[in-house]
Structure formats: C-alpha cells, structure tokens
Amino acid sequence: MLMHRLLEEDLLERGGGRPFDPAPGLLRRRGQGPVQPLRLRNGAPAWLVTGLDEARTVLSDPRFSADRVRHPDATGLSPQEAEAFAATGVAPARPHVERRTDGMFIFMDPPEHTRLRRLLTGQFTLRRMKALESRIREIAAGLIAEMTAAGTEADLVPAYALPIPSLVICELLGVDPADRAGFQERTAISLNVKASEQERARAQLEMHAFIQGLIAAKRAHPADDMLSGLAHEADPPLSDAQLVDIALLLLAAGHETTANMLGLGAFALLEHPGQLAALRADPSLLETAVEELLRYLSIVQMGVSRVAVEEVTLGGVTIPAGGTVVIAMPEANRDPRHWDDPDRLDVRRPRAPHLAFGHGVHQCLGQQLARVELQVGLGELVARLPRLRLAVPAGQVPLRNDMLIFGVHSLPVTWA
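In the working numbering, the protein residues as written are 1210 to 1625.
Hints are computed from structural coordinates only; laboratory data are not their basis.
Please note: incorrect hints may appear among the correct ones.
[To be verified] Computed list of lysine to aspartate or glutamate pairs in EDC-like fashion (alpha-carbon distance at most 20 Å, straight line):
hint: 1; residue 1: Lys1339; residue 2: Glu1394
hint: 2; residue 1: Lys1339; residue 2: Asp1434
hint: 3; residue 1: Lys1339; residue 2: Asp1433
hint: 4; residue 1: Lys1339; residue 2: Glu1589
hint: 5; residue 1: Lys1339; residue 2: Glu1496
Construct all of the structure, not just a fragment, from the sequences and the given hints.
What follows is the structure, encoded as structure tokens:
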C-alpha cells in the first residue's frame, strides 16, 4: 500500500469514460521504452517496467529481490536516504539478517521462500481443487437464487462477487460453517475503504485473533483442510506466528483479487455486448474469455515491485544496485509486441501467457483455483441471468481507484 501512495495519481486512477484501460499516466508514457525512469513522491528514483519480456525478467531473475527485510524498496527509504540515493545512485546499506522467522512468503527469496512455497503447494492438491469446483458451482447458483428471489435488482459486488471467494477460502482454511458469517463480515470491513480507519483496524485485529484461535483449534483437532495440513505436516513445524501470516496472505490473495475480477469482469462484459453475446452463444469460449479478461483488466495495477541486488541492464536501461523496479501490469499485459490490437477485449483471442498471476517463483499458488472461480462465477451469471444488464449508467459505477487492487466498489444490475 505504501508504494501505491508514492506513485502519482495519473499512474493509478482509471476512468474518464475508459474504466478498463490503463491509467492516463501510463497511456502517456507509451512509446518511451519498456523500462523508464520514475520519480516517486518521496523523491526516490525508481524504474517503471511496461514491457512484457522485461517484466518477466524482473519476476524470474534472482538479481531482483522480493525480500523487503534484506532489501527494502524505495518505500522504506527515509527522505534523507531517498535524496542521497537520487543524488549518488548508491542505495543505503542495511543490517545483515540471518534468518526470517515470519510467514510473509511473498516477500521472501529462495531458499526461505522455497520451503514455505513447497509446503503450500502440497496443500493445493488436485483432489481438493476438484472437490471445490462443484462447491463453487453450488455457491454461485445459490447466490443467484437468493438475488432473484429478492427482486429484479441487486448490487453484484456484495451479493455475488465478494461471497464466492470468501466462502471458498473458508472451505480451504477449514472455517466452521457457524463462524463464516462473522468471517465474511470482518473481511468485508477490513477491505472496505469506505469504512473508517478505526473500523478497519478493529476488523483486522479481530481477524488476526480469529485466525489465531482457528490455528489453535486445528492443532488440537485437525481436519481435512489446508490450515490443518500446514499445522501438522510441516517439518520443521511452523510457528503460530508463521501460520497466522500465511493464512492472512492466503485470505488477501485468494479473496481480494478474485472478488474484484468477478465484479470488474462482469462490468466489462456488460459494457461489451458483442463479446457477451458471443459468450452466451458459445459457452465453450468461457475459458479463453476468462484469460482475456485477466489480461485486459490487469487488476493488480502497480502493486508488484522488486529491488535490484546488483547493477542490471534491462531494456537498454541501467538500474543500480538497490534500485526499485515497479511493474506496470496493465501496460505489460497490453504489450503490442505480443498481442495484436491489445486494447481490444476479444473473448475469442487465443490464449497466450500474461502476467495476471505473476511469473517465476512467486507465480500465484492458487491460480488454477482462481480460474475455476472466475469461469464458474461468470459462467453461471451468463447462463442463469440472460437479461442481465447495468441498472445505472456506466459512468455512475464507482471505481476502486483508491485501492491497490482495481475493481468496482459496487455494480448495480437488473435482470427485469
């Protein structure tokens, strides 16, 4: 979130009648090279990566670190350090850290990341994912039945897009059915920018305490769920603090992103009636349609960064050791070197590699589950609500420009 605050608004805020396109500041930078200098609001220099090949290099080359403890990015620089770095190109030295004892694996490098990643990969079993697919379809059908029973209009975000991934992550973590309503409520408040700072802080503290209690329960009475597996199968064992970190990361990664893709994906289809009609006419396009929406929407806007651990030349630009590299996902996923007419949504576009789930050792662990959630979630909407359309003009749909993960705060729809 700190990086988000250090970027100029024109690199983040979408809109102006083009809610699905990259932010205006990114559009203005087109043609200036796949790697460009960038000045952050704290005065520190950084480098913006807009090319797909260059972004894949940053995400897979060990010369770029994700470890925010050993290699803090520009958000961790004091104003004095930022000024010195900008003047000399030499990053400030950091104290040596012998071993990481937390569970924030997305901010680790191998071998620490490798161990935790391997443990988590072992929990995303084919059997578990297959069992979840039928459950996701059941959840989606049930939510649509609730919406239609209540009338002919609904806000698709709280009524559909948020509950699907929330209930799925409950299944994965082994949250008791009796606790799921409270779990969803706390999650919604902690992620709701309209809530006050005090409300969000209280919800986050309650969620932390809830996860701690859940871990204690899984240690005492293990079940067939991911958290039980992590609590009992890790060797050496994971601490409670590590398990809390991992659970909270899974919650954020598995809930926030999928919920926003469901809401924004539905909005994009409703605003592209020709593409929606093609999908309705040929449901076999659903898989390629989801891949195209992931590429086209790129909801993780500027939230991925790395630090160069040595001097690196990338895209013809020299990045000094200690330099922060920020990947512009919306631009990398529209690189004209890889896609024809990349600014056009085309549900028939042949599937091609994109960066919606990252790349390299940090590529999203739950990407196959997310794909299933999106295919089922959007597929059920298309099939069960053939007259679905916006209930307000598109310009009145509130965009999540104030959040790291882009999407819509609400999506009023009707099927009358």
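Outcome of the hint check:
Taking the CA atoms of Lys1339 and Glu1394, the gap is about 27 Å. The hint is violated against a cut of 20 Å. Between Lys1339 and Asp1434, the direct Cα distance comes to roughly 14 Å. Compliance with the 20 Å bound is thereby established for this hinted pair. This hinted pair checks out: Lys1339 and Asp1433 have alpha carbons roughly 14 Å apart, not beyond 20 Å. About 18 Å separates the Cα atoms of Lys1339 and Glu1589, which keeps this hinted pair within 20 Å; it holds.
For the given pair, Lys1339 sits about 16 Å from Glu1496 by alpha-carbon distance, which is consistent with the 20 Å threshold.
Comparing the model with each earlier hint shows a violation of hint 1 alone; every other hint is respected.
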